[in-house]
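S.K.: Sequence:
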Amino acid sequence: MVLPNTVTTEREQQSAIIELDKLLNSKTSTPAVSFVNILSSYPTTSVCNSIFLKLGDIFKSGDNTIRFCVLKVFEKCRKLLVRVFNAERLVKRVHHVFENEIDPAARSLAIRMFACMAILLVDDKRIHSDVRNAIRSPNESEVSACIFCIKELCRVSISFASDTLSLIREIVLALETPLMQRLQLISSLEYMCGDPVTALDSWVLLTDVLDRYPMLPIVLVSLRTLSQLSIKSSIRHEQLIKLMLEYMKTDERSEVQSMAAHCLSTLVSSAAFVFDCPHDDIVAVARTSKCIEVQESCIRMMVVLVEQESCDSSEDLYSFQSKVLTCGSTMLQETGSLNKEDITLMHTLLEIFPTNSASSKRSAESLAAQMTLCSRVVGSFCEAINTTWEKGDPHRALEASCQSLSLCASQFPHLMNDLIRKLFECPRGSENPVLFLSLVKSIMFLGMSNLKSQVETIQMIKSKCLSALRENPWNGYRLLRSAFVMGYLKLALPLIDELKTKVESVRMRAWMSSLYFLAEAEEIRTSENYSMTVEKLQEAAQQMYVVGPSSKTFTFQKRYLKALITSNDALSRLRLAVWDWLDFRPLDPSQKVQHSDTEELHECKMISEAIRSLEVAKDKILELRRCRFGTDAQSEMCLEQHAICQAFIARVASVMFLNEDKENLIYGWDSIVESIITREKQTVLAMLPAQTCKALMKWLTDLFAESGRETMEGNDSERGELSDLHRVQAFLHVMGALNKLPLLVPPSFLDTSNPVYVDIKSLPSPKSAMEPIETQLGIGCVLKIEATIVNLHTRQSWSSQITYIVLSVVINYDALDPKGTTAKFPQSMQFKLRCKGGSVSTSCLLPVSQALGSYSVSISADILDNRGNCWDGGPATSLRVRTVQTLGAVKSSGTAMTQASA
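Under UniProt numbering, the first residue of the sequence shown carries the number 1, and numbering increases by one thereafter.
These are calculated hints, taken from the structure and not from any lab test. All the pointers check out, no bait thrown in.
Under the rule of at most 30 Å between Cα atoms (straight-line distance), these lysine-lysine pairs were calculated in the DSBU-like manner:
1) K54 - K92
2) K76 - K60
3) K79 - K92
If you're wondering where the values come from, they're calculated on a predicted model, not measured in any experiment.
Please work from the sequences and hints to get the whole structure.
M.R.: As structure tokens, then:
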């Protein structure tokens, strides 16, 4: 800012000169610092020239303390040095101090003064030469000042940077150079961007440094300097991208990977256009990297590339766009919860969504699963779809967004009101089967959210879908899976009949038959015919053993069907026991019917046993949450919903028929129903179960009101409680209403991939399953156990989630010599081993050396993840051990190791 040339200003300048003369008479540091205020108040050419020359005189004649204060003034006012028109005089006074070879501190201050005056030394060859020569000084502070001055001169002087590069190369590559000096000189190469030749030579030097010195600090500084040099000089973008990707792939240090990802993201964001960018390599790094920072940087970089349309054709762009969405949604899904950074990333992904690519729908489903965790993101998504619709291109919006619309409709139906009409007005013909499939799934979700009648939805799907899906059975199987997950098992029956005609594999036919029997069982269950439901479920379970005969395959499916069989069998027995209980009650409460205590106890016992079976079924269903490693959150919610329904029925039966605290039936009813509603709000089909439970609660309230009984106090004969018939009717209505809720099959049930389990091997091992391992009395048996996790490759992120494997060894006896032992059986041992590389091993001494006899040993494994969850590691391994008086002369391979040899 130049002050106007007015009389007032001239007077102020004269007063400033007078004040300056007064300050010059003092040699202390405080008046010297006051020059900053004068320069900021009067930044005119004459004032600046006079003050800087006076400061030069003070720097020349003062001591090092005064010189340090003058240096601070120059650092704060270096922008005003361009107003000095007697620059040669100022440089000469500072150079006079530099020529003092006795005081290295004074020389250091003079060199730092040169750094502050770099704008005045652009073409001063003498100062350039002095600075380059001073870097050879044995004084550390002088060398540090020279490196700082070199960096500042390289900023402004192209000739100095070109002439100094060879010196920097010599010092940086020398083995005796200290680490800090090497790092400072490497960072100064960032400013070697004045001419292309110097920039290319600096690039070569930095690559040489990376090859020779792989130390972490040097690699981090060199990568950052390389990226800044490439950005400022616009050279070798392609080589830089390949170099950064190589470090992200091969270097195991997370700091290096993060720095490479950050540099690459900065390059892509700052460059106007990136030529020949290896999109597939970036996608591969984003998918395989275990570092969250690397994944986020790669995804943001890919979003920028999509916005730049840096692909050869539109098809390649759409394919790359779909990969970006998939990587982003997968990363968000693995984080488990959304923080501010994740929400920002999701908004970034929505900027390139939706697209014209049909393949982007695959990524849309996983992205929408995370969108439902944040209503703000869903609102932004719906606004984006509306905007696309208003532009007159509904196919473009619908084709890429139906998956997301489906899940959003179930969680946030109020946000979908503006889109429902447009959704149903879209074409539903078979001209686009993929689009048609997505549209049908959206309608199914809308129907389950009470936005459209379920019966009408099913009829429409039956009449419109089958003809279109016959051309592509794979689309039919996708719709079949969706029908099971969403509770549309009635729709699954005609779909399975149609798909059976397209299947040739025996195992696939058995899998379809098992699903068919499960759908039939669900249709029969809603009519409250529980015994027939059990028969259909047993047929489904039999078919499952054809699909997966091994005990380690389809474990979740088999256990799930067994739990359903136990649950429905308990409901059938409970229903019969309740009616039998009613037969022992008088029709008129005033009448007394004499029954033996044994008969009454028998009826109560039948009800109690059925309730215990329900509780067992509930526990089995809850255990399924940790049966298969990696079970998704939606499967856990479906299992919890089913378990809560069983626990609710068991609780009501206990209160009504086993003379428990009946106040809970009235005063605790709200809390019981609220617990169900709270759970249901977390499921995909939140609307329907919640409304059903509220309607059920209202019906029960009306039922008690009609009976004219507001309390349940007094004895059975005197207290005005509900009649026995009303009590049975109320209970059966509760049980029927809860069991008429649609069965939401967990997605894990439909996952036919090989499960993750722990393969256990022991040494010594018997030749056959029936042959025992022999050990000698009094010596003992040492068992070595090796456990390996199998099928861990099915998902890349699972290996990083597993932290421990817990091995449990249970020893029991089959036949013992009663005179030879006092030990108590069974005995158990447990080992918690950190998992490295997917396998662990340990050894244990079996307590079988005290008595002759045979023992059974069971070895099981559990998996602990980084969140503290314990997962079932698969079926246990069993073996038999026999203790003998003396081992035979010829020892078999099943002979145990002795304690001493172990």
